[in-house]
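Chemist: Quick note, the sequences are listed as chains G and B, same order. Going by the numbering used here, the first residue of the first sequence is number 1, and it counts up by one from there. Going by the numbering used here, the first residue of the second sequence is number 1, and it counts up by one from there.
Please note: incorrect hints may appear among the correct ones.
[Claimed, not checked] Which residues of chain B face chain G? A partial, calculated answer using Cβ under 8 Å: (1) 34; (2) 54; (3) 96.
Think of the hints as simulated: they come from the structure by calculation, not from any bench. Nothing here was measured: the structure is a model prediction, and the numbers come from that model. In this text, a Cβ means the ideal position worked out from N, Cα and C, and glycines have one as well.
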Amino acid sequence: MSFLQRKRAIKLTADVAMAFAKDGAKWSHALIMNLAKKPKNKTLLRSILGSEYERLTKPCLSWKMPRAKKILQRSFKMHSRIKKGARRLPGVNAASVHAEAAVTRTKVLKRLVPGGEHWDNSSLLEETLDYVISLRAQVDLMHLLVKALNVPNLK
Amino acid sequence: MGLLGPQQPRGEQAIATKMSSRRNRISDEEINELISKLQSLLPESRRRNIGRASASKLLKETCSYIKSLHREVDDLSDRLSDLIATMDSNSPQAEIIRSLLRS
Chain G
1 MSFLQRKRAI KLTADVAMAF AKDGAKWSHA LIMNLAKKPK NKTLLRSILG
51 SEYERLTKPC LSWKMPRAKK ILQRSFKMHS RIKKGARRLP GVNAASVHAE
101 AAVTRTKVLK RLVPGGEHWD NSSLLEETLD YVISLRAQVD LMHLLVKALN
151 VPNLK
Chain B
1 MGLLGPQQPR GEQAIATKMS SRRNRISDEE INELISKLQS LLPESRRRNI
51 GRASASKLLK ETCSYIKSLH REVDDLSDRL SDLIATMDSN SPQAEIIRSL
101 LRS
């Protein structure tokens, strides 16, 4: 096994373990599904998840925003952008700049949290909180593992 | 709003709450709680006690924190990959790995 193959396997295992520990969370399902999309991951995923593989890689349509609502949201955004443009001619105001910054940053967050692009803002906030806590646990665990594997080398 | 009399604001608020609970299942109170919890997780707010930060600042901090955690996981994966590769299969470290894989 090459270094990169090994590293990829380790990272995938760590991510699956993290997601599985929070089975039921939206981000957890999305993370496993994203991993399952790549054919090179399938063998490893099947061996890790075993009998749970089918359930966890089945697409969950219940939390995806229905297409009609998405189209409606998009047209509202465009409409308010046109209105804002007309109002902003006399001068930029601080409130609209803040609001736009929040919107841009929300988009960035949606890309960082697995599955984020499909949820509404309040779900995004909830899932982000859960995801950050899990990421920290993952990092702590991996640090411990590095320590455990390193100790005998000090002799 | 005071011109409408004491009855009106309460009625409006009741409707607003009903509407928001129909659309978002989370109340304003819960959102505030989530925001303050998120803020307490971020490393910077632990060092200095900032009052309620603006929404966009919070989002920005959260995004950079998540990115740095992702980088850390990547770096740790590198190190683990090294350690596992150079491990002797008879060593106690190998036994640690094997016991983890068994559970």
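Chemist: Run every hint past the structure and note whether it holds.
Modeler: Hint check results:
1. 34: 5 Å, holds
2. 54: Check passed: Cβ of residue 54 of chain B comes within 7 Å of chain G, closer than 8 Å.
3. 96: 6 Å, holds
Every hint from the earlier list agrees with this structure, and none is contradicted.
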